[in-house]
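Visitor: Residue numbers (this note's numbering), protein chains in the order written: chain Y, 1 to 214; chain V, 1001 to 1827.
Please keep in mind that the hints were generated in silico from the structure rather than gathered at the bench. Owing to the predicted nature of the structure, the values given are computational and were not obtained by experimental measurement. Beta carbons are placed, not taken as given, at the ideal position from N, Cα and C, and that holds for glycine. A few of these clues could be false.
Across the chosen pairs, the derived CB separations fall in these ranges [to be verified]:
#1 T1497(V) to H11(Y): 41 to 49 Å
#2 D1588(V) to Q21(Y): 46 to 54 Å
#3 Q1815(V) to H37(Y): 29 to 37 Å
#4 H37(Y) to E1235(V): 27 to 35 Å
#5 D60(Y) to S1818(V): 29 to 37 Å
#6 D60(Y) to P1710(V): 32 to 40 Å
#7 K1415(V) to H11(Y): 42 to 50 Å
#8 P1238(V) to N10(Y): 44 to 52 Å
#9 E1293(V) to H11(Y): 54 to 62 Å
Coverage of chain Y stretches by chain V, computed from C-beta distances (three or more under 8 Å per stretch; other residues unrestricted) [claimed, not checked]:
#10 40-50
#11 81-93
#12 96-104
#13 121-135
#14 138-150
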Amino acid sequence: MIKSILIFNNHGKPRLIRFYQYFAEEMQQQIIRETFHLVSKRDDNVCNFLEGGSLIGGSDDKLIYRHYATLYFVFCVDSSESELGILDLIQVFVETLDKCFENVCELDLIFHMDKVHYILQEVVMGGMVLETNMNEIVAQVELQNRMEKSEVAVQQPALKSHICEFAWRSVGGPRSRRLCREEHEPARDSPQHQHRRHQYQSAEPLPVLNGHPR
Amino acid sequence: MSTTPHAHIPTHIHPPIYSLTHTHTHTRTHTAMSPSVPLQEMIRAIRSARTQCEERGVIQRECAAIRAQFRQADNGGRSHNLAKLLYVHMLGYPAHFGQMECVRMIASPRYSEKRVGYLGAMMLLDEKQDASLLITNSIKNDLAHSNQYVQSLALCTLACMGSAEMCRDLAPEIDRLLRASNSYIKKKAALCAVHIVRKVHELGELFAPAARSLLSEKNHGVLHGAVVLIIELCERNPETLERFRKTVPDLVQIMKGLVLSGYSPEHDVSGISDPFLQVRILRLLRILGRNNEGASDAMNDLLAQVATNTDSTKTVGNAVLYETVLTVLDIKSESGLRVLAVNILGRFLLNNDRNIRYIAMTSLQKIVGTDHNAVQRHRGTIVDCLKDQDASVKRRSLELSLALVSASNIRSMMKELLLFLSSCPPELRSHAASGIFNAAERYAPSQRWHIDTMLHVLITAGGDVRDETVPNLIQLITNASELHCYTVHKLYRALLTDISQQSLVQVACWCIGEYGDLLLRGDCQETEPVQVTEDDALDALETVLQSHMSSPATRGFALTATMKLSTRITDNVDRIRSIVSIYGSCIDVELQQRAVEYNALFKKYDHMRAAVLERMPVIEKNSPGHTNGEFTGEAIRDIPTAKIKQGELPLLPQQPANQVCDLLDLLGGSEETLQPSPAPGLSINAASTAGGDLLDLLGGLEPALLAPAPTVPVYEKGGVTLTLSCEKQSDTGLTVTLTASNSTDSDISSFTLQAAVPKSVQLHMKAPSGDYLPARGTAKVIQMVVLNNPNKVNLKMRVRISYTRQASAFQDTVQIDSFPGLDAAGH
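Excised from the complex, chain V in its bound form (with noise of 0.2 Å):
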C-alpha cells in the first residue's frame, strides 16, 4: 500500500492528540494492509489540523488510502470508506475516484452498503457520465425487490439524478409502484414520477390515470405527491389541466377536511392542520381555475372560507393565507372575495415580521397591473418600506414603487426616489436610476423639472447609470431650447463640484460647449447670477481633460468642448489653439485624432470653422429606446445621402463623437465620403457606438439589401430571443446576422454575444449595433460575425449570451450546428 509522504507537515510542532496519527505511522511502517481509520477519526483529525495546508495533508493522506481499498476485493470496510469519501468531497476536495465504487456499492446485496452507494452516487455522479448507465441496471432491480427500503433507495436515487433514457426505462416499474398499497413507496414514486415527466414530457400520459386515483388516498405524504404530480402533468399539457379540472371538487372536499377538521396531533403545525399540505393544493386549484368559470366557482366558498378562518398570528397560518391570496387573484373569483384578498395583503403590509411584509410585496408586483388602484391605496406603507433597512425588502419595495409611479403622483414619488437613490445599497442603485430615467420620461410634468430629475440622478448615481443615458440627456437639452440658459449654468456649477461623475461630466461638457455663449452672458433668470469668464470655463474644461479619472471618452467630450467655445469667445481662441496643439500629441490614439483634425480646422480651413462649428440643431425625438441600431432599408438609404450634403452635418447630434466622425471625412478629401475612415478605438468606448453602427451598417450594406437570408430562431429562454441568418460571401467566407430581441416586461442591459468556432475557422466579430434590450421588443440588437472557413470543416458556432436584467446578471450557451442556406451549398 503506498502512502504520500509528507514531510512537509510539521507534526513535531504540536504533539500527536489524535490517534489517527498513530495508525498512519503504523501504517507507513508496515506496509502490509490495515484497514482504514473509521469515519469520526478521520473527521476529528482534519479537524483539528491547524492550517490550511495540514489539513490538506491529512486529507491527501486519507483520499490514498481510501483509493488503495477501493482496489481491494471485498474488504468490509467499503461503506465506512465512501462515507469518508463524502465527507472529504464536501469540504471541496475532489472525489471523482469513488464513482465506480459508488457503482459497486450499489450492487451490493447488503443494505448498509446499498445505502451509502445510492448516497454516493447521488453526490457524485452526473447523469451525463457513463457511470450512471451503469447503474440503472441496479436501480430497475432495487425497484422490484422485496423490501421498501432498498426500494425507496433506488426511487430516490432515480428522482434525483434519473437521465431521460433511465427515465424512459424505468416508467413502467415507477407507473406500477404508484398502484402499490405501500404508501411510503407510493409518495415517493409520486415525486419519481414528476422527475420523469421533467425529463421526458411525453410520459405525463402514462401517469395521468394512477395520479388521478391518488387523490383518494387518506395519506397525507401520498396526497401530497399526488398533487406535485398532478401540478406537473397539467403545467406540461393543456390537455391534461382541462381532464384534471374535474377533480376541483375532490381537491375542495380535502382541503376542507383540512381546515374544518379539528386538532390533528399528527398534522397540525402551530394549530394549523398540515399547512404544507394546504399549500400544495391551493396551488393546483390556482392552476386549475386560471381563465376558467367554472372551475373558479367551485372554489369560490372554499376560498373564502380559508380567508377568514385562517389564524393569522404565526408564519404557518401566514403561509396559507399568502396562498390562498394569490389562488384568489389569479382564478376567475368573485369580486368580494378579490377586495378580501388585497386586504389581507394590506395587513401583511402592516405586519412587523419582515418576511411578510416581504411576500405581501411580491404578491402586490404580481396584480399591480391588472389591479393597479387596489395597490395604489396602499402606496404610503410601500414607500415607507424603501426606508427599510433590509435589502430584500428594499429591492420588492423598489420595484413596486416604481410600478406605482403615475402622472398624478409622480412630483411626490420622485422625491422618494431620488431620496432612496442616495442611500441604497450598490447593486441596486442601476436599477433604481433607469427605473427613475423610465418614470421621468413617462410623466414629467415639465421640461424644467425632467431636466432636473435627470440631472439629480447624474450627480447621485453617475456611475451607475446606463450607456445611453448621455444622449438621451443631451437630445433631452437640446429640445428644451428655452432652458438651454439655466441648464448650461446648472451643469456648469455640479461640474465645479464634483468631476468624478462621468456620465454628469459628459452632459456638463457637451452643454458647456454647446451654450457656451449663454454661459458667458450670465443673464439667466433662473439662476441666481454668476459671471462665468472665458478662462473660468476653459478652467473646467482643462481640468476635466487633465483628470486622471477622467475615461477616454469623457477627455473625448472635453476637448470637442473646448473646440466648439472656439467660435462662442472672443478673447481667449489662442488658449484654445494651444490646448488642441497640445493633445495632438496625445498618447489616446482617438483624442490625438481628434485634436489633429481640429489643428487642421484652425489652420488649413480656418474659413469653414464657424460653420463646422454650429450650435446643434433640434432634432426630433425619437422613440425611448432610441433605434440607431435598427436595421432598416430606410435607415441604411438615409445614411450615405445624408453624408453627402455638406450643411446637414449633425446628422445624429446625440453622439458627439459621431460629428467628429463625419467632420473628418469632410476634411480628408471629398472622393472618400463614403467611406468613413473607421477611427480606432471607436467602437470601444461606449459614449460613440453610434458610430460603431454606421460603420457596421455600411460594411453589412450589400448583402443585406442583396437577398434577404433565411432567419431562425436559435434561442428562446427567459424572453430572449436570438435569431440568425447568414449569407455566403464566397467560396469559404461566410456573414452570419444575430439579431437579438426581448419581449419581457423589463429592459435587459449590458447585452453581449460571444462566439466560438472550431479552430481551423476564423472568425471576426464586427461591432454589435448596441447593448440595450428595451422590454418588450421595441428594439433589437444586431450583431454581425464573419466567418472564414478554408479547410471547410463542418461548421459549428458557440454563442455565449450575457446580460443583466433587473440588476442581475445572466450568462447562457447556445450551440448552433445547422446554418440556414448553407447546407444547400455544399456542405
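For reference, chain Y alone in the conformation it holds in the complex (with noise of 0.2 Å):
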C-alpha cells in the first residue's frame, strides 16, 4: 500500500502532499520536512530507494523518489509494493501530468493544486494503484474536467471570469514515451506555451519538468 504521496520542490516548499492514513497537520509538516531532510541530502546518481524514515509507519516501509528538475516526487510505500513498480508509476504519474499540462513545470503543481490531486485521483485511490494506462488517465479527467466546466458556464455566468482559463489539451493520438524520457527542451516559444506562462505572471525562470528522472 502507498502510504503517502509528497511532491516538494528543491527547497522542501510542499506542492502536493496526499497521506492514505490519517496524520495530524502538525506532523504532516513534519514528516514532510525530514522526508525533505532524508532525500535531498542524497547525491542525483544513487538509487531511488531510501529505508529508514521514522515518522511516518513500520520498518519495512520504504521511500521511493524521483528527481525531476526542481521537484521530489516520493511515494512512501510498505513492502506489499514493488519498488521497481513504484518507481515506474512515479514515471507515469509525471508523464500524465505533462500531458495534462503540455511541458508542466512547477508552475503548473503550483497554480493547479486541485487539478493535480485530480489527476493523481485517477491513478492511486486510497493508497492502491488505481490506473496505469496513460490514455485512460487523460480521457477519464479531461471528460471530468469537460462535465464541471459546463455545469459552471449554466449555473454560474458570472463567475466565469474567476474561473481558470487554463485550457486543458486533448492528447491528441499516442505521444511517444520516448519524448519523456528523454532531455528535451520545451516549445517556449509556441503562443499557446507563452500564453500559458504569461497567466502566472512570474518573474522567477521557469522551471520545466523535462520529465528526465535525473
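Take the two lone chains and join them into the complex the hints point to.
Guide: What follows is the structure, encoded as C-alpha cells:
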C-alpha cells in the first residue's frame, strides 16, 4: 500500500501532499520536513530507494522517489508494493501530468494544485494503484473537467471570470514515451505556451519538468 | 465582514504589485460582502510574500475571508474557497474549520462542488471525527447516482477514509457496483472493496464471488483491481486462499496473454505489455503457490517463460523479472528454475544501475536462509557494494554481508567489515558494530583474534556500541587468562591514544585495575616491550578521572581501577590514597560514595584490603544475551545466599559496579547484608544496570514467590510481545509486572517502557531488568510497576513501547483497560 505521496521542490516547499492514512496537520508538516531532509542530501546518481524514515509507518516502509528538475516526487510505501513498480508508476504519473499540462513545470503544480489532485485520483485510489494506462487517465480527467466546466457555464455565468482559463489540452494520438524520457527543450516559444506562462505572472525562471528522472 | 488588521506587514516597503492588495484595501474600506479573490490570485499573493511573517499575514487575511464566506449562505464561490483552503492546508496552516464546509459541499447537487468537497473531505477529515459520519449518507446516495463521475467520487472517498462503520453500511452497495457493466466504476469498486476488507475482515466473504468473476474481464484496470482484491482476500483468510488456488490456470492464461501478445499501443510501456498488471499477477501467484505443490507446478512453465523472455535492458523489464524471481524463490519451484532465478539476481548485482543492485540485494537477503550457498557465490560482489557511496546500497550490503559470514570466511569478511565500520555513515554504525560482535562471537577462530576484533571495533566506533558490550568484553578477557598480559598492554596503549571512546576507556580501566601487575612487569612476549612505571599507569587513570569527556560510569571504572592497583603496586600506595580521598568530596554522589568506602577500606579495614581487591575469578561463560535479567526461581534464591558468603564477593564479575555494591554491604555492617543499600544513581547509569536488577529482584521477591499471578498478553506487534501480570499488595496498592520478549530474527536495543495512569493514581516504575532483547526470544525484559490507587478509580494504564531494531527506532502505545486477577477483587 502507498502510505503517502509527497511532492516538494528543491527547497522543501510542498507542492502536493496526499496521505492515505490520517496524520494531524503538524505531523504532516514534520513528515514533509523529515522526508525532504532525507531525500535532498542524497546525490543524484544514487539509488531511488531509502529506508529508515521513522515518522511514517513501520520497519518495512520505504521511501521511493524520483527527482525531476526542481521537484521531488516521493512515494512512501510498505512491502506490498514492488519497488521498481512504484518507480515506474511515478514516471507514469509525471508523464500524465506532462500530457495534461503540456510540458508541465513546477508552476503548473503550484497554480493548479486541485487539478493535480484530480489527476492523481485517477492514478492512485485509497493508497492503491488504480490505473496505469496514461491515455485512459488523461481521457477520464478531461471528461470530468468538461463536465465541471459545462455545469459552471450554465449555472454560474457571473463567476466565469474567476475560473481558471487554463485550457486542458486533449491528447492528440499516442505520444512517444521516449519524449518524456529524454532530455528535451520545451517548446517555450510556442504561442500557446507563452500564453499559459504569462498567466502565472511570475518573474522567476520557469523550471520545466523535462520528464527526465535526473 | 471582519478582516484582520495587518499593521505589522510592511506593505510600504515594496509597492503592491499584485492585485490582491487592492482587493483587500477595498474590502477593508467597504465592509460589505465582496467575493474573495480567485484561487490563483491568492497563490500569487502568498508567493510574493517576502518573509515568513508576511506570508503568514496574507494567509491569515485570506483565511478570515474564507471563514466569513463559509458562514454565508450559498454564494456560488464556495468551491473556490475550499480549494484555497486546501492550498493553505498544504502549506501547513490550520484548515480544520473547513471540515463542515466539506460536508455541505458533498451534499450539493453540483458536480463542481461535490468534486472539491470530496477532495477536501479526504484531506481534512479523520475517520474518527463526527463530521465523517455525516458524509455516510451522501456517499450512499452518490454511489447510486446516475453519473459515473459522481459515483467515482464517492468510491474514491470511501476507499480513502471509510471507517469500519461506514464500510459495514456500504459494503452491499460496493458488491453491487462490482457487478456493474461499467469498467470505470468496476475498477474503483474493486479497490474500494479492498479498503472495506482491510477495515472489516469478515466482509471478505461477501466480495469473494464477485472478485472471482472479475478475472474474466478484458479491461486491464479492472483486472488489476481484481488481482489486488484477491491478494487481500487470500492474505486475510486461509480458506479463501485455498479456494482461489483454483484460479491459477486463469491467472497463468492472463499472464501468457500479456507476455505473448504482440505490441499493443494501449498497454505498452517500453516494450513490455502492461508491466504493472504483470507484477501484480506475479505477486498473487506467489501467494497461491507458496507451500503448495499443485499450484506451483501449474505456474512453473509460465515463470520459466517470463524469466527467459523478458527484456532486461530497461527498468520496466527488470521490474517484471524481479517479481518473477521473487515468486520462483518463494513457491515450490523446480530446482532448475531456482538456479535460473538466482542467476538473474547475480546479473542484477552486476548491473550498473544502483536501483537494480539494491533490489538484487534485497531479494538475496530473503533467500540467504534457504539458499545460503547460492548467495555465497556472489559474496565478492556484495562485499564490494560495502564501498558504494550510496547509503541505501551500503545498508543492504551490510545486512547481506553479515548474513554471509561463516567459519570459513570469517577472517577475510571481518577485514572488510572493519574497514566498512571505519567509514560507514553514522546511522549504520551501531548496527554494523553489533553485527560484527555477533559474527565474531559465533565464528572467532581464536580468543586472541576475538579480543583484537572487539578492541578494534571499540577503537573505531566505541561511542556507538551497545551498553552490554563492556561487560561482555570484560568477561571474554577474564576467560582468556593466557592473554591477560597482552590485552592489558594493548588496552593501555589504546588508552594513551584516545580517552574519548567511553566503552573502550571503561574496558581499559578495568583491565589496568585487574591486571596492573602484569602491565608493570612488562615482560610480555606478544608485544614489543614497553616499560610502564607505576606512575605511568596511575597517570593514565587519573587523566580519565579528570577528563571532562569521561561519563560518570567511566569515572567509576577508573576510580575502582585505581583502588585495585593499590594491592598490585608497591611504591605509590600513598598516591592512590590521596586520589581516593580527593574523590571523597566529589560532587558526583556515586563517585563520592565509592571513594568514601575505599577510604574506609584503607583505614578501618586495611587488613581485609588485599583479600577484597583480589583478582576476579574466571567465570563460566553464560549465554550470549547475558541472563542477568532472567526471573527464575533459582536466580532469586542464589543471589541472597551467595551474598552472605564473604569469600565469594565477586558474584557478577563482569559488573565492577556491582562489586562495589557488595563491598559496601560487607563493610556497612553484616546484620544488613540482605538489604543492599540502594546506591543513589546506581540504576541510572548503564554500566551498573545489573546492580539495579539485583535490587529489583529482591524487591519483587516476595510477591513472585507467593503466588504466580495470571499472565495475559497485552501487546503483540512486529514480533515484540508484552505480557502483563498483577499482584494486589493491599487494598489500594498493586504491583504490575510487564514482561517483554522479541521473537524476530534481529536484536532489539534501547528497549524502554513508559507508563501513564489516571491522575488520581500514583505510579512508580522500578528499574527495568535491561534494555536489550536478543533475537528469537532468548532473553526477556521485565519491568515492575507499582500502582497506588487511593480513590479506587477504574484502573487504566497506557504503556508506551520504544526500541531500536536494525538501526531504526520504533514507538508504539498500548492501552490496558483490564488487569487480570483484579476484577474479582472489587473493581
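Visitor: Decide, hint by hint, whether the structure agrees.
Guide: Going down the list of hints, with the structure as the test:
At about 44 Å, the beta-carbon gap between T1497(V) and H11(Y) stays in the expected band of 41 to 49 Å. Distance hint for D1588(V) and Q21(Y): a CB-CB separation of about 47 Å, consistent with the stated range 46 to 54 Å. Checking the proposed 29 to 37 Å range against Q1815(V) and H37(Y) shows it holds: the Cβ atoms sit about 32 Å from each other. At roughly 34 Å, the beta carbons of H37(Y) and E1235(V) sit within the given window of 27 to 35 Å.
A hinted range of 29 to 37 Å for the beta carbons of D60(Y) and S1818(V) is consistent with their spacing of about 32 Å. In this structure, D60(Y) and P1710(V) meet the distance hint of 32 to 40 Å, their C-beta atoms being roughly 34 Å apart. The hint said 42 to 50 Å for the Cβ distance between K1415(V) and H11(Y), and at roughly 43 Å that hint holds. Under the hint 44 to 52 Å, the C-beta atoms of P1238(V) and N10(Y), about 48 Å apart, fit the expected range.
The hinted window of 54 to 62 Å between E1293(V) and H11(Y) holds, with their beta carbons roughly 56 Å apart. Coverage of the region 40-50 of chain Y by chain V holds [criterion: at least 3 residues with CB-CB distance below 8 Å; count 8]. Here the region 81-93 of chain Y counts 8 residues with a CB under 8 Å from a CB of chain V, which clears the bar of 3, and the coverage holds. Counting residues of the region 96-104 of chain Y whose CB lies closer than 8 Å to any CB of chain V gives 0, so the stated coverage by that chain is violated, three being the minimum.
Counting residues of the region 121-135 of chain Y whose beta carbon lies closer than 8 Å to any beta carbon of chain V gives 11, which meets the minimum of three for the stated coverage. Residues of the region 138-150 of chain Y lying with their CB closer than 8 Å to a CB of chain V number 5, which satisfies the three-residue condition for coverage.
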